[in-house]
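Visitor: Modelling step: build the complete structure from the supplied sequences, incorporating the hints.
Going line by line, the protein sequences match chains A and B. Read in order, the letters of the first sequence correspond to residues 1 to 406 in the UniProt record's numbering. Read in order, the letters of the second sequence correspond to residues 1 to 406 in the UniProt record's numbering.
Each hint should be verified, as a subset may be incorrect.
[Said to hold, decoys possible] Selected chain A positions facing chain B (Cβ under 8 Å, derived; list incomplete):
1) VAL15
2) LEU17
3) GLN194
4) ILE196
5) GLU200
6) ASP209
7) GLN213
8) MET233
9) MET234
10) GLU242
11) PHE249
12) GLY250
13) ARG251
14) MET300
15) ASP304
Keep in mind that the hints were calculated from the coordinates and are not lab data. Where a beta carbon is used, it is the ideal one built from N, C-alpha and C, also for glycine.
Protein chains: 2
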Amino acid sequence: MDQPTVLAETIHRLVLLPQGLTLDCGVHLAPLEIALCSYGTLNRAADNAILVCHALTGDQYAAEPHPVTGKPGWWSRMVGSGLPIDTDRYFVLCMNVLGGCMGSTGPRSPRPGSGDGSTEPHISMPWGTDFPPITIRDMVRAQRLVIAELGIERLFAVIGGSMGGMQVLQWAATYPELVFAAVPIATAPFHSAQNIAFNEVSRQAIFADPDWQGGRYWADGRVPARGLAVARMMAHITYLSEEALTRKFGRRLRRDPYNAEAPLALFGEMFEVESYLRHQGSSFVRRFDANSYLTITRAMDYFDIAADHDGDLAVAFRNTNTRFCVISFSSDWLFPTAQSRAVARALNRAAANVSFVEIDSDKGHDAFLLDEPALDRTIRGFLAGAAEHAGLEQRPRSHAASAGQA
Amino acid sequence: MDQPTVLAETIHRLVLLPQGLTLDCGVHLAPLEIALCSYGTLNRAADNAILVCHALTGDQYAAEPHPVTGKPGWWSRMVGSGLPIDTDRYFVLCMNVLGGCMGSTGPRSPRPGSGDGSTEPHISMPWGTDFPPITIRDMVRAQRLVIAELGIERLFAVIGGSMGGMQVLQWAATYPELVFAAVPIATAPFHSAQNIAFNEVSRQAIFADPDWQGGRYWADGRVPARGLAVARMMAHITYLSEEALTRKFGRRLRRDPYNAEAPLALFGEMFEVESYLRHQGSSFVRRFDANSYLTITRAMDYFDIAADHDGDLAVAFRNTNTRFCVISFSSDWLFPTAQSRAVARALNRAAANVSFVEIDSDKGHDAFLLDEPALDRTIRGFLAGAAEHAGLEQRPRSHAASAGQA
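Guide: As structure tokens, this is what we get:
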């Protein structure tokens, strides 16, 4: 496509990729649909696009209220007019990952040719547990097809935290010529044994739910909500630091609403942290699909960039011209700073342009989603510097003033 | 009792306490039974007794094969002839905690007066979820009644790791005049918000199991094995360090025995750490009761010695003559060194006799159960020094040569 589509804020779009994709597992998945949101305006040179990659339980609603929960977008404090990822200057794209459950092709999508054998052969059943295993590389390849479809040849930047950061690293390794700048945050070049272990417990919690029904839980309208809630609760602990939990909840007690009749001394109270976790679990299951949780955690577990490059992470980034800003948080024990440092060192060995920042924070892994001014400053400053090097127009919005809403 | 019972190795005993105990929650529980094992010989002065306290999922089988699993006792590398807790010298006692499931009164015990209304009114139903909440202090008070019953007026030492360490601290706080030496290992003076959070996820995993049945799972012979296994799997991760998991398993894959038909690329493999965790989960449920798991985790959550003493841990140990050896492990993130240091500092402020050792180990919280020579040396040396101060006889065994097996 020679002339990029004119895109202006805010777009919700379902991009159809009829050609599909041959996955790492060998299965050809076609057609594909990828759901996205975009913010800001693509300039005429189509060189101001930033791809924001979401984490395990995130989605494309980065900077606007979530359609299910009504809560602000997961990065609405980072993406917007005048914010560090400034939609006055950049065209910001966020896509639901392949395998997700907010519109992109995933386990909840109808399986082609899966008629239920009834008199209505056009009715398809969801993929469910038969959905093929997805890798982080598959997610990135699907994103690559989408940006080509939108007429974007090259991304100014790819940014994301946690599993989003894995996608950033994979973008830089697979399509170095398409990524001017990369910001992997609170992430790792592979999933550690401990990370895998926590994911496995999540999966077993889902399997233990009576409503799991072997993954075919759509049949009777019940979903494995309790198992998925347990998975979420456990994961949530790993996203926070011990300090953050202590500061937020300590050992404070509250009346147990689930046990209001009991005498106080007999289980009539609960710790506030328990109440908080239960709420996290129960609100999560309203917006997330258990089979997607299995698919995406598995993709994270299999992520290991060095293994794809003779065991040497530096080889993955050899001859790269991408500018990197690697960011970690001091209290993140799920993706500890040592992992980000390993990325930075490999990039150094590949003679890449890299800056590495460990941000002093007591908020744990989730710090990238929270009010952390040092993160804001780091991202804003790095993007401004990279934009200067890239020779980006200063105010693309004025050039696109005539662009209508898509 | 003026004359102590002569006790010689090895004894399994169920001590009946007809008078029972008024628990912290206000319920009077009577009669009580406490199951114990002992090793070595109580000397005539009855001053060589060491109480070993077990952790959450431990039991009284400290130094002999477990009757259910056949595996060596959980501290068989520490307790025995010539070992750091030397049964040639000391009389070593280990009791299943109140609320446990290996013989001591707990949720699996028959509830007095709970006939099922059938024609056989003498049949009692288990307590189940109606078992009253237990505190660490309740556990210790029950142990106190048992040692009095055995004719032991004073313990030479109380030793334990994790929840066992909580009991050690509670013994020293509640009965300072009865404890000559105390060795709290890998423990804390209170359960942190993060500790409580992990326990709460364990409990929710049990509740999510269809076989939980509101806790009355004995009726149809099915037990909430999947939920309990998930709880155990998650807890097990917290017992190990990231380094230990990486060293033991890394990212190695193996054929998935649960999915032997699948092509390798399609979920036909699993990570070794997953296989290990599943095994940990499934073997645990053979020997543990879900209601006991709930009761004991709750006891740990409520543990907070300072809260019982005007919020000041030093007050808990005021005027103590007990000699303390506080031990932590550098890679223990569940009960981090900072918690042990807080204990040591409080003891310092109480002008207690205390040594504090952080052992450099990469084995995580479970290091106290594993091959850690520095721990062996520390315990052996501390006990020898304390025995000297206590004026213990050198070889009590010879004095008791005539003692028969109980």
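Visitor: Now, for every hint given, state plainly whether the structure supports it.
Guide: These are the hints, each one checked on the structure:
{"no.": "1", "hint": "VAL15", "result": "violated (26 Å)"}
{"no.": "2", "hint": "LEU17", "result": "violated (22 Å)"}
{"no.": "3", "hint": "GLN194", "result": "holds (5 Å)"}
{"no.": "4", "hint": "ILE196", "result": "holds (5 Å)"}
{"no.": "5", "hint": "GLU200", "result": "holds (4 Å)"}
{"no.": "6", "hint": "ASP209", "result": "holds (6 Å)"}
{"no.": "7", "hint": "GLN213", "result": "violated (11 Å)"}
{"no.": "8", "hint": "MET233", "result": "holds (5 Å)"}
{"no.": "9", "hint": "MET234", "result": "holds (5 Å)"}
{"no.": "10", "hint": "GLU242", "result": "holds (4 Å)"}
{"no.": "11", "hint": "PHE249", "result": "holds (5 Å)"}
{"no.": "12", "hint": "GLY250", "result": "holds (6 Å)"}
{"no.": "13", "hint": "ARG251", "result": "holds (6 Å)"}
{"no.": "14", "hint": "MET300", "result": "violated (12 Å)"}
{"no.": "15", "hint": "ASP304", "result": "holds (6 Å)"}
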